[in-house]
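S.K.: Given the sequences, and given the hints that come with them, work out the whole structure.
Protein chains in written order, with our numbering: chain W, 1 to 632; chain E, 1001 to 1170; chain D, 2001 to 2457.
Don't take each hint at face value.
[Said to hold, decoys possible] Here are the simulated distance ranges between beta carbons:
| id | chain 1 | residue 1 | chain 2 | residue 2 | range |
| --- | --- | --- | --- | --- | --- |
| 1 | E | Asp1114 | W | Asp542 | 42 to 50 Å |
| 2 | W | Ala27 | D | Thr2210 | 38 to 46 Å |
| 3 | D | Ser2243 | W | Asp288 | 49 to 57 Å |
| 4 | D | Thr2210 | W | Met215 | 34 to 42 Å |
| 5 | E | Leu1034 | D | Val2098 | 39 to 47 Å |
| 6 | D | Val2342 | W | Lys297 | 31 to 39 Å |
| 7 | D | Glu2122 | W | Asp190 | 26 to 34 Å |
| 8 | D | Thr2210 | W | Asp157 | 38 to 46 Å |
| 9 | E | Leu1034 | D | Ser2046 | 15 to 23 Å |
| 10 | D | Gly2347 | W | Ser95 | 43 to 51 Å |
| 11 | E | Leu1034 | D | Pro2048 | 20 to 28 Å |
| 12 | E | Ala1110 | W | Ser445 | 48 to 56 Å |
[Stated by the list, open to error] Lysine-lysine pairs mimicking DSS-like chemistry, simulated, CA-CA at most 25 Å apart:
| id | chain 1 | residue 1 | chain 2 | residue 2 |
| --- | --- | --- | --- | --- |
| 13 | D | Lys2455 | D | Lys2203 |
| 14 | W | Lys167 | D | Lys2208 |
| 15 | D | Lys2379 | D | Lys2208 |
| 16 | W | Lys343 | W | Lys478 |
| 17 | W | Lys517 | W | Lys504 |
| 18 | W | Lys167 | D | Lys2203 |
Calculated directly from the structure, the hints in this document are not laboratory data.
For glycine and all other residues, C-beta sits at the position ideal for the given N, C-alpha and C.
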Amino acid sequence: MSEQNYDVVIVGAGVSGALIAKQLGQAGKKVLILEAGRDGQGSYEDYLERFYMAQAKVPESPYTPPIVDADRDGFQSPSNPSNQAAGRPSTLTLSQQTWQDRNRSYLDQQGPLAFASTYERVGGGTMRHWLGTSLRFVPNDFRLKSEYGVAEDWPIDYNDLEPWYGKAEAAIGIAADVADQDYLGITFPDDYQYPMPAIPSSLVDQTVSAGVEKMPPVDGVQLTVTNTPAGRNSIPYQNRRVCAGNTNCIPICPIQAKYDPTVTLYEALQYPTVSIMYQTVASEVVVDANGQVSAIKYLQYDDPNGGVTGSGSVSATRYVLAAHAIETPRLLLMSTNGGRTPKGVANSSGQVGEHLMDHPIYLSWALAPTQLFGYRGPLSTAGIEDLRDGSFRSERAAFRIEIGNEGWNFPIGDPATTTLDYIVGANVSQTNAGSGSFFGDSLTSRLNFVLTRQFRLGFLVEQTPDDDCRVTLSPEWKDSLGLPRPRIEYNFSDYTKLGFVAAKQTATAIYNAMGAKEYTRQPTAADVGSDPTVFAITVDADGNPVPDGQAPPAGSTTDYFRFYGAGHTVGTYRMGTSPADSVVNPEQRSWDHPNLFLVGSGVFPTVATGNPTLTLAALALWAAETILRDLG
Amino acid sequence: MSTVLTQATTSELDDFVNLSAILTGIAVSMLKPLLDTHGTAQTYLDIAKQKGGATFAQLMAVYDANRTQPPANIGTIILEQSGDTVAYMAKSIMLLWYLACWYDPQELAAYRADPTKGARFTVVSSDAYTQGWVWRVGQTHPMGYSTLSFGYWHQPPQPLSAFIGGGNSK
Amino acid sequence: MKRAIGFAATVALSVAACQTNDQQGGLKSSALAPINPIVTTCDTTSPPVPPNLVTPEMANSGLPCTLTFTASKVDLTTLQEAFDFNSWLTFMALSQPVDASNSTDLQTVWQGWSDLFAVMREDGAPPLPFGAVQPPPATCTGAPGAPVMRMISKTPTTPTLSVSGEPLNTGPLIDQNGHYVRYQILINEPMYNYIVRNELYSKAGQQKFTDSIAFPEGRLDTLTTGAVGAIVVKAAWKVMAGSDDPSRFQTTTAYVYTPAEPGVPESCHRSTLGLVGIHIVHKTAGEPQWIWSTFEHVDNAPTLAQASNVTASRKFNFFNPACSTSKCPYNRQPPQPWNPSVDPFPGEFRSQIVRATSYPTEATGSAALWNRQFHAAVKGTVWENYELITTQWPTEATNPTDPEGAPFPLFAANTTMETYVQGNTPLASSTCMSCHNNATTTTGKRSDFTFVLEKAH
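M.R.: Here's what the structure looks like:
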C-alpha cells in the first residue's frame, strides 16, 4: 500500500475518532481512519445473536473477536489472545486461574491487583457497550490538588469545558432536565436545554429515594436521588427509536435507542473525503529528524486469528491517536523508530502509560422490604451524586453511587443463580436458607418474592493517579501479528481504599434507612492473595490507614473488599501544564510533536467522579476545532 | 383461556407440557398457547428426549404411572420419591423452561453437592432465550428483549397472574 | 360461521365506543366530515375451500374492511391462510386503476393517497388536501403532476442527515443497473383525516395533543357495511433502465430527486419507475397491532438456499447469478459515501441480495397456496408478477403482558425495504410489529405502530 497524503490520519474508530472525523469531514478535510477491528456495519444481528447465546453475558460478549471458544459440547471458555490479531481484555479472565495465563488473559497482568476493566477493538469502539451515563464533571473534579491537596489539577477547568459539554450532549443526544443537574457547582448557560427530556425514573429509584429522604446527612451531606443524564433516546433522535427498557444497555441495546459511536462513524463516512480501513492495526508512529511525526505504519490481517497479510504507512499533516487508554500508550511505546526513540514516541516526560486509573466499583446489594420490581427499564436511571465532592476529599476518595435497575444481575449473575438455588437446592444467593428445592406454586412464589425485591448500589470510587499503575509492553506475550501485548501493573492507594471503607458504610446506612436487608458478601482474609480483585485495608481507631507490614495498633479494623472495573480506563497520556510531567498540553497536542494529538480518556490527569464518556467527547470536539485551526 | 389438556388419549407433547406445568408452576395454556408462535414446548420436548434418552423416558414413565394423582403429589413423587436420576432429569426440564438453557442432570447433581464449582450449560437458542419463564415470574422481561414501551418502568407491572396464569399445582 | 378474527374483537369494539367522537366517525361539529366514514362496500369474501379455487371475480372482489373468515378450526395454518388471502384481496383492491387527475398516467388507488411529504411538511404547515401531489422542487420539470421520489432508504432522511437512515445502520439498495431504489410512504384518507383533525402533522400540534394516539380501525358492522380504517402503504420503486422490461412491472412516471450535498448540487430527472416491493399495513378492530402484508416483484432475489443454484441466465432485479460470493457477498450495504446524485453508483458495486429470513411452514405454505391461485386468477395482468411474501398478524391481540400481541410469523422482511436486516435474530432482524411497537410521536408518546408521526417538523 503506497503512502497517500491526508490532512489527518486518525487511529481508532471509537467515539473520539468518529467525532473528530465527522467534524473534519464536514469541513471538507481529507481524513483516513485506521481501525484495528472489524467493520461493525451490518453486524448487528451477529452481535445480538452472539449475546443471546453467550453463557456469560459480560460486556464484551457480543463483539469481535469473540471472547470465548466453544468445545464440542458447546461449553464456552475464554479464547486465546495469543491467536488473535486484534484481541482485547475480557472480564472472564480476572480469576486467580486466568489473570496471568498468557493463553487466556490479553493483558500481561503483573499486579499486585488485577486491572479489571476492558475495552473493544471494533468499529465504534468501547462505547458500543457503555451504559449511557453522561454526567458532567463537577468543578472541583478539575481542582483536586488546589482544593484538597490531593493528586493533580487539570490544566483546564469546568468553565473551559462547559461549551464543549453542550456540543457533546448534542452530538451524542443526551436526555436530561437541566433543573436536576445543577448540583455541586455544575452550571449551564441561561437558556440551556438538553437535547431530549429526562428518562423517567424507575420504581427502584423511587424506592431508594423514599429511603434516603429519611437519612440523616452522611459526612455532612444530605443524600438525594438524582436522575442520570443519558445518551439514550427519550424522543426519536438521530433517526433512532426511543428506549423500550430492554434492560441491556451493557452489553448491547437491541434497538440502538442508546447512542453508540457507529452512528457518528457512518455520518462521518458520508463525507466523500473521509475513509476508513478496518482490520488495520497501527504498529508504529514514525518520527522524523525534526521531531515531527511523519507517518503511521500499519499491519493488516484477513483472518482475525491469523497473521499479517498486508502492511503499509500513511502520512498526513496532522495525526490523531484515539485508540483508548491502553492501546494508545501501547502504540507509542512500540514506536522506537529503529532505536531513535527508545522510550517510544511523545514520551520525553516518561509519562506515557503512567497513572493508569479506573473507577473501581464497590458493589453492594440488598432485598427491599417491599416489591420494587427490578430487571425493568434501562440498567440505571438515577444515582446519588451528593458525595462526589466535599471536604472529605482531602482524606479519602469521593464516589458517585449508581442505582442499578437490574436486580442482582451484576452481583451474583441473577436471575439464573437464584433460580438454580430454588430448583436444585442450594443457597448461593443467600436467600434460600436451608437449601431446599421447590416446584409449582411454592417455586414461583418464592422466586417472585425475591426477584421483585432485589436491587443493588454500585459505588464508583475515584482512584488516584498512582506511581504503581502503568501500561508498558509485555516482553514476551504477543498477539498473532507479532506485536507485544500490553503489560499492566495495578494497585490502589490508601486514599482510594479509604473510599471503599466509606462506600461500605454509606451503603449499609442507605439500606438501613430503607429498611432493606443487605446481602453484600464481603471477601475474607483468605481471598486476599488468592483473588486478584480483592484487597485489604486496615485502619486504626482514628480512621487512618495502617501501612502494609506494620503491626496494627489496638483498635484497628481490617476490611476486605472485592472491586469491579467500571470500564473507565483513563490517565495514561495525561494533559498538563508542563512537558516535564505530562504528555499533552491543554490542547491535547503532544508536547514533543506538535503535529500529533492524543485524545480520549488517556488525557485525564485524574479520573474524577463522573463516567468519562461525556468529558472525553467534549474534549474530542475541542481537539477537532484545534486541528481545523491548524489546517487553516 | 384453555385449561389443563385432559383428553382421553394425550399425546407425548401434552404429557410433557402437563408435567412441565406441575413442576414449573406455570399454567399449561401459557407453556403451550393455543396458537403457539414459538413452538417452545416441542423444542424442549425434543431436547429432553435427545439429551435425556433413557432417563427422560424413565421420568415420563413415573409421570404416566401417577398421572391421576393431584398435581402436588405428582411433583413430590417425581422430585423426592423416585430417586435422584428422575429428580434431576425433572430439574433439567424445569431449567429449560425457566432459563432457556440446558443443564445436564449430572451437572445439577454435582452443583447441589458443591455449588462453588459452578454448573455448565448451553443456551437453547436466541428465540428460546426471549421466552424464558424466570423473567415472567419476576413480572418482567428477559434482559435484552422487551416488548414494552418507553417509560413503562416508571409504573408497576401487571400482576403475577397475568404473566404465569393461575397455576395448577394445588 | 363468519367471524372477525382476533379474540380482541368484542373488547376492541367496546373500547372503540369509549373513544372520542373523532375516532368513531361521529361528528364533533356538524361541519366536520367523519374521520373514518361508513362504507357499504366492505369485501367479505371468504377464502375458497378446496376444491374451489380463487376466481378472477374473487380476486377483484374489493377491499376488506377487516378480516372475516369462516373458521373451521383455530390453528396457525388456518388463520395464516385467512390473513394471506385477505392480503391478496387488499393488494388487488388497492391496485385497481383510477384516473390520475393531473397527469396522463393511470394510477392505482393507493397512488392517489397522500404522500408522507405532503402531510409532514417542512415547516409543520397543515397538509395539502388529501391526495394532492406536492409541487416538485424547481429543478424538476417535464412531468407536471408527477410524484417526487426522494427517499433512498425506507425512512425519509436526506442522505447526509443521519445516514444510518434506519436503526442498526442499514442503507440504500442499488439495482443491477447501478440506480438507487426509491421509496414512498402513502396514507389513506381515514389515516390522513385523523392526523389532520388532531393536528398531529407538526411538533407543536403533537405537543398539544393529550390523548393517546389511536388511528381509526377497519371494522364490519353488518353485512357489507363498516368502515375501512387506517391503511399505510410503503412502496419501493426501481428505475426502469438497461434490459428491464417495463411490461413486467407496475410502472409510474416520477421525478427522481436528490437534494444538494456539500460539493454536489441537487439533481432531478424524470424517470419511469417500476414497483418492486410494497408493504400494506391495515389497522382493524380485531388487530389493534395492525395487519402487516408485504409483496415483492417475483424477479427481486433468490432465497438464500436457491442462491448458489440459480441459472446464470436468470435475471433478477437485485442479484447477479454470475458474480461469485467473494466478489459479491450477500446482503452487504454499499460502500460509503452514499450519494444518490452520483448515478449510476460509482465503481462496480451492485447490491447482491438474497432472501434470508426463514419463515415457518405455516407461512410459506399459505403464501405459496395463494400466490399460485391468485396468479392464475389474474393471469395476463401485471399482477401475476407480484407475490405475497407473508402477512404478520397478532395471535393474542389482547395479551396483557405483551403489547405486540404475540405476532406470527415471528419475523418478516421485504428484500427491497428490510434488505440488510433479514434474519431470525430477535429484535435485530426485521419483524414488523416488534419494530413498529417502538414507534412514537416526536414527543416520545406511543404512536400506534406507525413511524409516520415522528417525521413531523
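S.K.: Now tell me, hint by hint, if it's right for this structure.
M.R.: Hints, verified against the model:
{"no.": "1", "hint": "E:Asp1114 / W:Asp542: 42 to 50 Å", "verdict": "43 Å, holds"}
{"no.": "2", "hint": "W:Ala27 / D:Thr2210: 38 to 46 Å", "verdict": "44 Å, holds"}
{"no.": "3", "hint": "D:Ser2243 / W:Asp288: 49 to 57 Å", "verdict": "56 Å, holds"}
{"no.": "4", "hint": "D:Thr2210 / W:Met215: 34 to 42 Å", "verdict": "38 Å, holds"}
{"no.": "5", "hint": "E:Leu1034 / D:Val2098: 39 to 47 Å", "verdict": "42 Å, holds"}
{"no.": "6", "hint": "D:Val2342 / W:Lys297: 31 to 39 Å", "verdict": "33 Å, holds"}
{"no.": "7", "hint": "D:Glu2122 / W:Asp190: 26 to 34 Å", "verdict": "29 Å, holds"}
{"no.": "8", "hint": "D:Thr2210 / W:Asp157: 38 to 46 Å", "verdict": "44 Å, holds"}
{"no.": "9", "hint": "E:Leu1034 / D:Ser2046: 15 to 23 Å", "verdict": "22 Å, holds"}
{"no.": "10", "hint": "D:Gly2347 / W:Ser95: 43 to 51 Å", "verdict": "50 Å, holds"}
{"no.": "11", "hint": "E:Leu1034 / D:Pro2048: 20 to 28 Å", "verdict": "25 Å, holds"}
{"no.": "12", "hint": "E:Ala1110 / W:Ser445: 48 to 56 Å", "verdict": "28 Å, violated"}
{"no.": "13", "hint": "D:Lys2455 / D:Lys2203", "verdict": "9 Å, holds"}
{"no.": "14", "hint": "W:Lys167 / D:Lys2208", "verdict": "29 Å, violated"}
{"no.": "15", "hint": "D:Lys2379 / D:Lys2208", "verdict": "51 Å, violated"}
{"no.": "16", "hint": "W:Lys343 / W:Lys478", "verdict": "19 Å, holds"}
{"no.": "17", "hint": "W:Lys517 / W:Lys504", "verdict": "14 Å, holds"}
{"no.": "18", "hint": "W:Lys167 / D:Lys2203", "verdict": "23 Å, holds"}
Of the numbered hints stated above, those contradicted by the structure are hints 12, 14 and 15, listed in ascending order.
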